[in-house]
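Respectively, the protein sequence lines represent chains A and B. Anchor point for the first sequence: position 113 equals 113 in my numbering, and the numbering is continuous, going up by one each time. Anchor point for the second sequence: position 169 equals 169 in my numbering, and the numbering is continuous, going up by one each time.
Hint data in this document are derived by calculation from the structure and do not stem from the laboratory. Hints should not be assumed to be uniformly reliable.
To be verified - Here are the simulated DSS-like cross-link-like pairs (lysine-lysine), alpha carbons at most 30 Å apart as the crow flies:
(1) B:157 with A:2
(2) A:310 with B:58
(3) A:143 with A:102
(4) B:80 with B:94
Stated by the list, open to error - Just the calculated beta-carbon pair ranges, DEER-fashion:
(5) A:181 with B:112: 16 to 24 Å
(6) B:212 with A:2: 40 to 48 Å
(7) A:30 with B:211: 54 to 62 Å
(8) A:26 with B:155: 43 to 51 Å
Even for Gly, the Cβ is constructed at its ideal location relative to N, Cα and C.
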Amino acid sequence: MKRLNTFRRILRTGMLNFVRNAWLAVAAIAIMTVTLTIILFSIVANATFANTIQQINDKINISVYLNDNVTDKQRTELTNQLKKLPNVRGVTYVSKQDALAKYRTDNANKQSLLQAISETGNPLPASLSIDPVDPTKIDVIKKFLDKPENKALQDPQAGTSYSGERKVAIDNISHATDILQQVGIVAVAIFAVISVLIIFNTIQMAIFNRRDELTIMRLLGATTWFIRGPFVVESVMHGVIAAVVSVALIRGVFVTASSALQASSLGLLDIGYSSQYFNDKFWKLLAMQLLIGIVIGAISSYIATRRYLKFKTSK
Amino acid sequence: MILLDRVTKVYNRKSTALDRISLHVEPKEFVIVVGQSGAGKTSLLRLLTREEKPTSGKIVIGGVDYDKLKDRDIPLLRRKIGVVFQDFKLLPNKNVFENVAFALEIVGMGNREIRHTVPRVLDIVNLKGKENSMPNELSGGERQRVAIARAIVRQPKILIADEPTGNLDPKNAWDVIRVLEKINRYGTTVLLTTHNQDIVNKLKRRVIVIEGGRVASDRANSEYHL
Numbered sequence: 001m002k003r004l005n006t007f008r009r010i011l012r013t014g015m016l017n018f019v020r021n022a023w024l025a026v027a028a029i030a031i032m033t034v035t036l037t038i039i040l041f042s043i044v045a046n047a048t049f050a051n052t053i054q055q056i057n058d059k060i061n062i063s064v065y066l067n068d069n070v071t072d073k074q075r076t077e078l079t080n081q082l083k084k085l086p087n088v089r090g091v092t093y094v095s096k097q098d099a100l101a102k103y104r105t106d107n108a109n110k111q112s113l114l115q116a117i118s119e120t121g122n123p124l125p126a127s128l129s130i131d132p133v134d135p136t137k138i139d140v141i142k143k144f145l146d147k148p149e150n151k152a153l154q155d156p157q158a159g160t161s162y163s164g165e166r167k168v169a170i171d172n173i174s175h176a177t178d179i180l181q182q183v184g185i186v187a188v189a190i191f192a193v194i195s196v197l198i199i200f201n202t203i204q205m206a207i208f209n210r211r212d213e214l215t216i217m218r219l220l221g222a223t224t225w226f227i228r229g230p231f232v233v234e235s236v237m238h239g240v241i242a243a244v245v246s247v248a249l250i251r252g253v254f255v256t257a258s259s260a261l262q263a264s265s266l267g268l269l270d271i272g273y274s275s276q277y278f279n280d281k282f283w284k285l286l287a288m289q290l291l292i293g294i295v296i297g298a299i300s301s302y303i304a305t306r307r308y309l310k311f312k313t314s315k
Numbered sequence: 001m002i003l004l005d006r007v008t009k010v011y012n013r014k015s016t017a018l019d020r021i022s023l024h025v026e027p028k029e030f031v032i033v034v035g036q037s038g039a040g041k042t043s044l045l046r047l048l049t050r051e052e053k054p055t056s057g058k059i060v061i062g063g064v065d066y067d068k069l070k071d072r073d074i075p076l077l078r079r080k081i082g083v084v085f086q087d088f089k090l091l092p093n094k095n096v097f098e099n100v101a102f103a104l105e106i107v108g109m110g111n112r113e114i115r116h117t118v119p120r121v122l123d124i125v126n127l128k129g130k131e132n133s134m135p136n137e138l139s140g141g142e143r144q145r146v147a148i149a150r151a152i153v154r155q156p157k158i159l160i161a162d163e164p165t166g167n168l169d170p171k172n173a174w175d176v177i178r179v180l181e182k183i184n185r186y187g188t189t190v191l192l193t194t195h196n197q198d199i200v201n202k203l204k205r206r207v208i209v210i211e212g213g214r215v216a217s218d219r220a221n222s223e224y225h226l
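Turn these sequences into a full structure, and let the hints steer you where they fit.
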């Protein structure tokens, strides 16, 4: 009962102080909003880039063209061995008939090509289509295919297709994402530190204004948490407000951007996906922002009050 | 109730505030500590409220041995001792009722009980009807009585009053002293410091004289002359 009374009083005092120190609150909320907005933007952008890369990755595969005289048994064995390689997600067999059918649909409007191919029987080789997990690291697969015993099974004229052009595109995007991630982390770190410092300062100013009151509270036997609690409540409230504002800001940006740009992409950033990701994960992102805001507020007020609440223990 | 055994407080090498002070105060006693400014009265009280630690020596109050007291238990100790200061130390933005209630809020008392307790204590210090006044609307004597109400509202066994009349004219000073006597009659040990000779000599209580950080004399029913 006593603890409950105290807890209620701490909450109430914290909220009262929040209202009384409205102008100090504005500074604290503003800087925290900037930090949280950067964090949120980084997360959404990161997810979007990951999605873009994944989309391209999914289209990438390695095609190994087989000799016409490879038996079913040899083919199955090769397939099984390939599946055991670390970077292989799946292997699909495309038979000569499948290849021909695909060729026909691909070139349905080129009568001369269709005619030429039906005259020669089926010149297209059967193939294994390998989906790599990470298309930037296909060296193991390549090495395996280049082994003489495996090379012997392959069509010497067709060679192996590694989807080379796409690989360059992927490398570019991965590179951009890496840089963006690093910049994002640095920016988040800098702004997190700045906001902790500003909140810290805000609270120290509030404490300084009320130092006589704190001394009296101490002399009357108030516990550390009875004095500190309201300050923590106050800055946690700053954090909560900043979190809500940051989510609203980012939402505003994506809604505006995706309607203005008709869900197109902004540079490398696929706004359509960003906006969809943001909407899908709205509650999770909001919860995360609230958590970060609360943690930043709580930590900075905890540290700010610590110095003033120490007992003099000098002898 | 209060036991000091060869308590020494040294702030730096040159000034010794208290030099091997030994005292024993019985429960329900009314003790006056006198001495000139700088004699060590305030240092002594600051040790009792654990605002400072002694350089050496032993302090036991209400059965609590200060050597064994942990920092986090200091608030609990202070709740058992009522303290009144020369400069009142009231919270300026709270009214009389709230100032007294604050001492109870600190210990987690419920609102209903607070509403019940505070008026009774304000009655003891003769401040009935002043509940809604702000401290700056009160006279010095009234403010000091608010401070006393705040100090006794938790029913401490010990009340320490550090020159409570220092800022008051004689009439207000006596009002405050009468309240302290009343509280003492109810069973609280009172430790009063003052350098008001008139008060000391009319009260006829135990007087401890401190000079140069030492106990110069300690007599019952005593008077004091500068």
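Taking the hints in turn, this is what the structure says about them:
1. Proposed proximity of residue 157 of chain B and residue 2 of chain A is supported: the alpha carbons are some 21 Å apart, at most 30 Å.
2. Restraint check for residue 310 of chain A and residue 58 of chain B: the C-alpha separation of about 23 Å stays at or below 30 Å, so the hint holds.
3. A hinted pair counts as satisfied when its Cα atoms are at most 30 Å apart, and residue 143 of chain A with residue 102 of chain A qualifies at roughly 29 Å.
4. The straight-line distance between the Cα atoms of residue 80 of chain B and residue 94 of chain B is roughly 23 Å, inside the 30 Å bound, and the hint therefore holds.
5. Between residue 181 of chain A and residue 112 of chain B the CB atoms are about 57 Å apart, so this pair departs from the stated range of 16 to 24 Å.
6. A hinted range of 40 to 48 Å for the beta carbons of residue 212 of chain B and residue 2 of chain A is consistent with their spacing of about 45 Å.
7. Taking 54 to 62 Å as the suggested C-beta distance range, the pair residue 30 of chain A and residue 211 of chain B conforms, at roughly 60 Å.
8. About 45 Å separates the C-beta atoms of residue 26 of chain A and residue 155 of chain B, a value consistent with the hinted range of 43 to 51 Å.
Of the numbered hints listed earlier, the single one contradicted by the structure is hint 5.
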